[in-house]
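Chains as they are written, first to last, in the numbering used here: chain D, 1 to 361; chain L, 1001 to 1361.
By construction, these hints were calculated from the structure, which means they are not laboratory data. Treat the hints with care, since some could be wrong.
[To be verified] Heads up, incomplete: computed chain L residues facing chain D, CB under 7 Å, no partners named: (1) Pro-1121; (2) Lys-1156; (3) Gly-1157; (4) Asn-1158; (5) Val-1159; (6) Phe-1160; (7) Thr-1161; (8) Glu-1163; (9) Ile-1167; (10) Thr-1176; (11) Glu-1180; (12) Gly-1182; (13) Gly-1183.
[Said to hold, decoys possible] Straight-line C-alpha distance at most 27 Å; calculated DSS-like pairs for lysine-lysine: (14) L/Lys-1243 to L/Lys-1156; (15) D/Lys-156 to L/Lys-1344; (16) D/Lys-96 to L/Lys-1093.
[What the hints assert, rightly or not] Covered stretches of chain D (in silico footprint by chain L; criterion: 3 or more residues with CB under 8 Å from a CB of chain L, positions within the stretch not fixed): (17) 80-92; (18) 175-188.
Where a beta carbon is used, it is the ideal one built from N, C-alpha and C, also for glycine.
There are 2 protein chains.
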Amino acid sequence: MNTIAEHDMEAIAAGSAIYGTGGGGDPYLGKLLAMRTIREHGPVQLVDLDHFDDDDLIVPIAMVGSPSVILEKLPQVEPMLAALAALERHLGKRAKGLMSIEVGGINSTIPFCVASRLGLPLVDGDTMGRAFPELPMTLCTLHGILPWPLCIADEKGNVFTAEVADIHAAEQYVRTITMEMGGAACLALYSMSAAQARKALVPRSISAARDAGQALFDARRQHADPVGAVVRATGGYLLFKGKVSDVSRTVDGRFSFGLASVQGLDDCAGRQAGLRFQNEFLMLESDGAVLCTTPDLIVLLDLESGEPITAEQTRFGLRVAIVAIPCVAAWRTQAALALVGPRKFGYACDYVAVEQRVLER
Amino acid sequence: MNTIAEHDMEAIAAGSAIYGTGGGGDPYLGKLLAMRTIREHGPVQLVDLDHFDDDDLIVPIAMVGSPSVILEKLPQVEPMLAALAALERHLGKRAKGLMSIEVGGINSTIPFCVASRLGLPLVDGDTMGRAFPELPMTLCTLHGILPWPLCIADEKGNVFTAEVADIHAAEQYVRTITMEMGGAACLALYSMSAAQARKALVPRSISAARDAGQALFDARRQHADPVGAVVRATGGYLLFKGKVSDVSRTVDGRFSFGLASVQGLDDCAGRQAGLRFQNEFLMLESDGAVLCTTPDLIVLLDLESGEPITAEQTRFGLRVAIVAIPCVAAWRTQAALALVGPRKFGYACDYVAVEQRVLER
């Protein structure tokens, strides 16, 4: 068990931005809200799943919506509490623990707010080991754990409890109601027993995020190489260095789609890279070759400070390092790749593990 | 108490089409479904509110959606049961009685399906004494009875339980979710205690509809004047006779808006009438004078058969009688007129009771 105090949220947020692979919402806003909540309501116990009995109810809490909208419509704790309360009422059972649906961006810090407010432990883990843009893209889906009953709430007091026909309906209704709620909303979903969570969870991903964030801070304080520190802390690969020369982006309410073009610098001088995103960075190409694809993690870092850069923040002139982190093994099965592989996002290439791609170059 | 058997649904449906004032969905489809359900599951007890204890739960069941859509996406009992079950689960209380939200069109026959299926009594009454197109337009609203918690279900297994911030949010979310469900859906809403129902109810409106329908059938069988029989049975006024010369209509998913033009016949020869509707017929004008407005009931009948004609069915060439029925007194207060009066629908005139308008001509 780990006690997470206000100051710990800095490293967790920084590490979540790394594991968020450019998406998951701006972690800065979630961090501020979690820090204020912990200051007012006390620290959070970050626990492993062996803390729970098999039939204890674990509830992931998340925000949904376009990261571009969440930048303007700020996160609040009340709708998170409302979504959780509605789910507990529907199930007739109280949550014994909370969880992050994704270690990435805002959704790894948001559950700390609810955990602090209610004095509930937070599971050290998540259902992706990264961030993904669509609701079914969790390891839960591969283990038959359903997102519904699903509760969705906004800051105006609207709360919906949904039982849906199938996972596509879940995605579609969450999207529709989120748009009606103004483009961002709070969810309680994928509730599961601790026994189920033991199968579907990426364990220790929150502390891994904290460790990566802390490594970044330490390197900066010691005037060492922050990008190198992130690569070492995450077991990643530095794939490209360059300057962002162009970003094309469209926002449709839930997704930010786009392509960032990067001109090589240093040992990449003379090369070009293209970084495709749908909320998260999903594919990196350079000079006709694929360097990395989803579900491996593609992370954009400021070349000097090592600060992770979200797809929203990506803009002309930024000098960046592009780092790849191997995804957890659970994402590399055929069933998993059908759910989150490159073809699922419309990219015409097969998945090859980034370790393999690096070896072959 | 009245036992409603399969054959009684004929008169109830005919009378509901009269009190539906052109809207509320085609009663034919609801009638067929209610008759089949009663045939398979037994008759329905139609009861007064004194049948219930004060704290017994009464739940109105309704369909929502554009009548034009309901013509193609046929009513089914399962989503009605699903909506009721979701509401009962949310409230932690079983319904002791069911109710019609409106005596008009499909929604006065739909609750018979659920009542027969579950063996629950149906209240002889409704919350409007007619049909209205928008969710807040019930006497419940005037008595502080809220439409939420509101459950909405479709035939595919999607069920939403909603707690909303205000009545406008309720209208907006029901509309949005209904559209997502394909343009029509089933609702359990405005649940209330029997004590609350005693204040908000238009009593005996279902048996009034049956009586009007029966009077129509009797007149036809006796080769008497069916239109005159409806006028007498409902305490109404025959305001205009003519031939429909034009109908302009737009459908936006929930509402059918339009204007039917009628050329006078018989003692109305040489005159013109304009009949405006938003699902229901809401205003009748002739030669620059207002003849009748909402909340008084405007009913379109086939001139020969006395068959009520919905706004959907209104088309060039029909020979029609236009009948007005005074609304219940509860709709004639200032607060009620702010909710359902002509200005609420965008018509630039004040409400004058139809009895008064008739006297002044």
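Checking against the hints above, which ones are violated? 1, 9, 12, 13, 14
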